[in-house]
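K.L.:
Now for the letters of each chain:
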Amino acid sequence: MHAGKKYTFFEFILWTRRDLYRLAILAIIPTVLYHFCNFTFLSISWVPVALLGTAVSFIISFKNNASYARLWEARQIYGGIINGSRAFGVMIRDFLSSKDKKYDVQVIFYRHLAWLTALRYQLRETRAWENMDDLRNIEYARNYHTAEKIDKLEDVLAKYLSADDLTYIVTKKNKATQLMALQSKHINQLVAAGVLSELQLQSLQNAITGFYDNQGKAERIKNFPYPRHFSSIATIMLNLFVFLVPYGLLNDFNKLGTGTLIEGYSIWLNIPFAILLTWVFNSLDVVGESSTNPFEGSANDVPITNISRTIEIDMRDMLDETDLPPAITPENNILM
Amino acid sequence: MHAGKKYTFFEFILWTRRDLYRLAILAIIPTVLYHFCNFTFLSISWVPVALLGTAVSFIISFKNNASYARLWEARQIYGGIINGSRAFGVMIRDFLSSKDKKYDVQVIFYRHLAWLTALRYQLRETRAWENMDDLRNIEYARNYHTAEKIDKLEDVLAKYLSADDLTYIVTKKNKATQLMALQSKHINQLVAAGVLSELQLQSLQNAITGFYDNQGKAERIKNFPYPRHFSSIATIMLNLFVFLVPYGLLNDFNKLGTGTLIEGYSIWLNIPFAILLTWVFNSLDVVGESSTNPFEGSANDVPITNISRTIEIDMRDMLDETDLPPAITPENNILM
Amino acid sequence: MHAGKKYTFFEFILWTRRDLYRLAILAIIPTVLYHFCNFTFLSISWVPVALLGTAVSFIISFKNNASYARLWEARQIYGGIINGSRAFGVMIRDFLSSKDKKYDVQVIFYRHLAWLTALRYQLRETRAWENMDDLRNIEYARNYHTAEKIDKLEDVLAKYLSADDLTYIVTKKNKATQLMALQSKHINQLVAAGVLSELQLQSLQNAITGFYDNQGKAERIKNFPYPRHFSSIATIMLNLFVFLVPYGLLNDFNKLGTGTLIEGYSIWLNIPFAILLTWVFNSLDVVGESSTNPFEGSANDVPITNISRTIEIDMRDMLDETDLPPAITPENNILM
Amino acid sequence: MHAGKKYTFFEFILWTRRDLYRLAILAIIPTVLYHFCNFTFLSISWVPVALLGTAVSFIISFKNNASYARLWEARQIYGGIINGSRAFGVMIRDFLSSKDKKYDVQVIFYRHLAWLTALRYQLRETRAWENMDDLRNIEYARNYHTAEKIDKLEDVLAKYLSADDLTYIVTKKNKATQLMALQSKHINQLVAAGVLSELQLQSLQNAITGFYDNQGKAERIKNFPYPRHFSSIATIMLNLFVFLVPYGLLNDFNKLGTGTLIEGYSIWLNIPFAILLTWVFNSLDVVGESSTNPFEGSANDVPITNISRTIEIDMRDMLDETDLPPAITPENNILM
Amino acid sequence: MHAGKKYTFFEFILWTRRDLYRLAILAIIPTVLYHFCNFTFLSISWVPVALLGTAVSFIISFKNNASYARLWEARQIYGGIINGSRAFGVMIRDFLSSKDKKYDVQVIFYRHLAWLTALRYQLRETRAWENMDDLRNIEYARNYHTAEKIDKLEDVLAKYLSADDLTYIVTKKNKATQLMALQSKHINQLVAAGVLSELQLQSLQNAITGFYDNQGKAERIKNFPYPRHFSSIATIMLNLFVFLVPYGLLNDFNKLGTGTLIEGYSIWLNIPFAILLTWVFNSLDVVGESSTNPFEGSANDVPITNISRTIEIDMRDMLDETDLPPAITPENNILM
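Residue numbers (the working numbering), protein chains in the order written: chain A, 1 to 336; chain B, 337 to 672; chain C, 673 to 1008; chain D, 1009 to 1344; chain E, 1345 to 1680.
Hints are supplied without guarantee of correctness; some may be wrong.
Said to hold, decoys possible - One side of the interface only, derived from the structure: several residues of chain E facing chain A at Cβ under 10 angstroms:
#1 F1385
#2 W1390
#3 V1391
#4 R1480
#5 Y1484
#6 N1487
#7 Y1512
#8 V1535
#9 Q1559
#10 G1560
None of these hints come from the bench; they were simulated from the model. Cβ atoms here follow ideal geometry from the backbone N, Cα and C, with glycine treated the same way.
Turn these sequences into a full structure, and let the hints guide you.
P.N.:
The structure is reproduced here in structure tokens:
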């Protein structure tokens, strides 16, 4: 996510400059034809364009709503993981402290950090409908780095897991699911050994159910895109609208100059104004699109690397460890 | 669901081509009458058409909202089933492992897979208000296959159930409900036999309550359509609007040519523009309608066959089985 | 609810024909005065009408949103009752089966069906703000029948309750509440008798709390109408708008004929177009209004008779009873 | 709340008549200046007025949404209190019945009624931002009475509490909170005395937590108004709009009469039409404003006196008391 | 939050006066150029401005929705903290009272107040995207004071914590998290000592989980701003719109004077009207922006200092303390 004050106007222009080239060409063509070839019949009425504009406003605002909701829900899910981790942490620590099981506490804490790791790696994989292959985003991605695309998962897991656990987990299809299953197994063994009571088991098992819930919710947002037919119709309409706007404005800008200093030249104002209008609608769509997949590794992602680190710090602080890792901070204003 | 990048413009045109024929006829009639029969009085004012357009925008955007919400809720429900299944899986496995009850674990796991099967078959049955009898969808359905419409339910259940369970369940009205009831019975027998504790029973019974919740929610979406009076008024208004648009634009396109190269011929532009505008509104409605019933077996369904398989893989992976079935992948971009 | 494909255009016309008569009169008056009496000053500007139209669109779309939300929540509540009933059913059956308490199981199951019965009777009573005294609905109600308005409650309860329970319950103010209270009493007696454990009691008591929740939610929708001031202002504005539309269109339709075949007669087109436009807005309101009270016994109700029967079938199927009652099916497409 | 069919048009006019006087003056001034002083330059263009109208529509519909949501949530909260009270009632009655603790049951039941009483008194106190000091509402309030503003709290509490409890509670800051705290104390004493089990305590303590939740939610709506800056900007914009409308319509109504019977007089139509339009927008705002504070004691309040009585009847009916108080019924259609 | 009746029109003008200066300059430039330099070609058509206006309305209303939702959720979270604190309070008091553990009760109560303190200090820290560095807000902030920016955290904590706890907590990264972890530790020690039962532990541990939930939710709103790309595009569009409005109105105001007293001077009306219109849209955005960060210390914050004090009063009142601190009251109508 962007963790600064604003994207400036120039950052936006830079980010959408390829769109601007396209919009400029669409605006120049009818203006040139009108002026030089005298194709005055190109100046279609504004009425159908305005009606189309209304439909486009509806569909884009609909898409932006959905997109914002997906982003916000994604953040809520990771918020839920923070909260659950803290509550799970104190229970494990305090249920076991009276039984002098420091070693188990640490194993379970670190396995939890491994689960967080496996989860964020799974969420930052690539899906067919995501936008990180977009030139716009490839370029922008040079401003920051995405840990999950650099470090190897196994290497990171090795820091948190015993050798046995690591060997076991690398063969599994859904590593996060099976890591959490190991937690359940460990806790039940502690019950069988009489270290934990059945009531404590119930509380801890509820916590595990909660983690599965949040993992599954994040996977839902990852694996179920904004429906492709809703998305496609929005793109098609926007393109039709953007194509027609320069034709619809021709007449007004032609008349504008009549009797003024710029008589005969006012038609050229059609170009900047058509670009301006179409750019505004296009940018609204670009903004919406860029929040639709909140785990794709873009600059507008939910900062799950940062959040996972926050949890690590809080949990290890509970154990009064002293070599806490630093918080992850924004890089060129982008926090991952 | 569509699991690719986009529906292309041409796929959309192909998909809605029957609507296009109808819209073309509606646009050609007034234009021909105006031009050849000189019925210039057909060029009604745009004012009432625009007002109707506003009402149509409201009702269609309302319908698309509801439709999107139904689709998204359907996916959330199945997400809940994934999460619940994982949590139920680890509890069953770990509560019974210390008691050496591997056999019961497997029976309960596979009965759970049978429940998933019965549920997806029930959800993919046909309802009067669904759209799979629509030519548009019949045609498109050739691009993919729906497992629930090919394999017989009993054959699939036989893979997961003991002979006794199978014989019992086929006589039941709501098979999914009674399969879950068998789970409850089995678990209570394990309590009576002293294998599970009462507290463990409570946790497991809560999981069963959770499955009933999600099953019931999915059945609600299946059995309670987008209210037919809301749906019908939307169709009626859209048709009235689509009928009037070509009349409302006549005047503008007639005047467009005045004094230009195409004087006297510009009226023909009414046809493509009327088609364009009405197609846009019609397509918005088609998109909304096609997500209204997210379990009808259409290309825009929630991919419940795929999700059920994902659960099967995860649960059998928990038991460290080695012959896991493959994930279900998209066919021509369509994931079922 | 309507359980078919669509309300046809003609069913809608039939249903709203009384409104059409009224709208026709409102459209004819100014047209006749304009044409025959030469009251050309009646052709007020479209500007204030359009602004009023915007306000009316807002308020009607607001009302339809609320109305749809009430209908959908009502269905969710009854969905919750289905889910809760299944979960309660398996708990009662399986908690008691090991103790050989078949008789108690059946008494509790049937008392639950009695609760469902009392609840649906209470919900189908009449409230001052409901619309079943509307001519439109009285007429349409001949197409189907509402069980709760035909069979006597006591007679139906007698099928499910012991004589003692029946005698006790008929004296009570809120019968559903006190029937559920009897369930609580019975279960606590089983605990006192040592048949059920305290943990099982907790689970069952939670189920009862869940039923009270859903009952209370349904009563909330029943007893708290769409606020009368919101509803009244919508009606008032709609009527003002519907009154002004024919005046606002006079001018356009007068000019339409100029220089055409129908010069001097085009003013009469004002009548069908004014009717069309006002009918569209009026119908939107009628559709919204008809879902506002989802338990009033109208054709657009939540089908609570059908749902209660579904629960009865599922629960008695759990007990492996063989004389299950048939599902309730639609009558002229209307499912109650 | 209004518990009848509708507010009639005339009730609305009566209710908003002071606004009408103001709107009339605003409409008369420019019309008179235009006609008698020939200040024709007052007829500003409709364009800026229409744009302002769009902004006003947005902000008022936004406010009405929020207002309706607050009212509806308030009703949901009290619905939750009904449901919780019934569930708490059966638990107390049935947990204690086997131990022959009739006296405690009654004390706890009546203390619960005292809590309901204290809560509704607290909610019906006055806040700075509420509207009961508005002339409109003072006048209307003569049609009904608000129990909480007539009877003294201590007198009503005395009917439900022992002398000790009453003495204790009157010294407390938040009486409802401390009454519920007394319930917790009493229940824990019964556990200490061995009358209730720990598991029963857990269920009852959860019920108390639920009551605190609902009390706190109601207090949140009471103490956190619709944000004053959102509210103020809506009022300011509405007033600007209402001021400009009569100027914007001057031109249209002046031209209307040209060549008709009323030439030269048509300008006077500006007055009724400007009043009509501005009244419509003003009334939308009035309707929204009047639901913003659902516990202020206005005719559109949530009927908490009535609901509290309903709970009293249901709970005392559970104890098979015979002298149940009557339900509270509407007075001039207003239910408090 | 503002706890009075209204922000007056003049307070709003004062608050936004710097915007007014800017808007005035934007309006004066084209008017002067048009009138004195005869640059009549500056009077661009209203059509593109109106379309842009629609897009701006959408994006601002979208932003205000999100902003209001963030504010309201923030208040709900703190409402949840109130409710949880009361329920936690009675449990601690009543679970321990029978065991005569008054000292522990007080330590836990006061540590809870310390947690509330640490939390509100953390929430009132500064973030890069917040608006308290805005001149508008710096100025307004002189009307009230923010306790968290005046008193030192350690000094306040010292009032609630033992010396040991204080020493321990000041070294921790997230003080609120570790204070709540101390509560968990204390409670588990009481269980180990046999003072609390395991079931009571479960209830209390749930309460702690609830506090972590609410803390985490508040931190989510604090740390995850309204997405910067959504916010930036809104600002950019608003500025473009505000820039174009005075050009779009030139023509209308020039024509207004024709044939009236003010012929030739009516163009100057462009300035006040352009300011009025652009100020309205600008103020809508300012209102939205000022609720986006509900914990930044602005006049429109959620009053967390006041709420924390309310909890302190309620909890200490439960212990029948007599020297309760006073409630925090508004200062110049602003409640913090």
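K.L.:
Now look at each hint and say whether the structure bears it out.
P.N.:
Checked hints:
A least Cβ separation of about 4 angstroms between F1385 (chain E) and chain A falls short of the 10 angstroms threshold, and the interface hint therefore holds. Contact between W1390 (chain E) and chain A, as hinted, is supported at the beta carbon level, the nearest pair being about 9 angstroms apart and thus within 10 angstroms. The interface hint given for V1391 (chain E) holds, since its Cβ lies 6 angstroms from the closest Cβ of chain A, which is under the 10 angstroms cut-off. With a cut of 10 angstroms, the hint placing R1480 (chain E) at the interface with chain A is violated, because the nearest CB-to-CB distance is about 15 angstroms.
For Y1484 (chain E), the interface hint is violated, the least distance from its beta-carbon to any beta-carbon of chain A being 20 angstroms, above 10 angstroms. Of the supplied interface hints, the one on N1487 (chain E) is violated, with its beta-carbon coming no nearer than about 25 angstroms to a beta-carbon of chain A, more than 10 angstroms. A hinted interface residue such as Y1512 (chain E) counts as satisfied when its beta carbon comes closer than 10 angstroms to some beta carbon of chain A; here the least separation is about 9 angstroms, so the hint holds. With a cut of 10 angstroms, the hint placing V1535 (chain E) at the interface with chain A holds, because the nearest CB-to-CB distance is about 8 angstroms.
Because the smallest distance between the Cβ of Q1559 (chain E) and any Cβ of chain A comes to about 7 angstroms, under 10 angstroms, the interface hint for this residue holds. Hint status for G1560 (chain E) relative to chain A: holds, with the closest Cβ pair at about 4 angstroms, below 10 angstroms.
The earlier numbered hints that this structure contradicts are 4, 5, 6.
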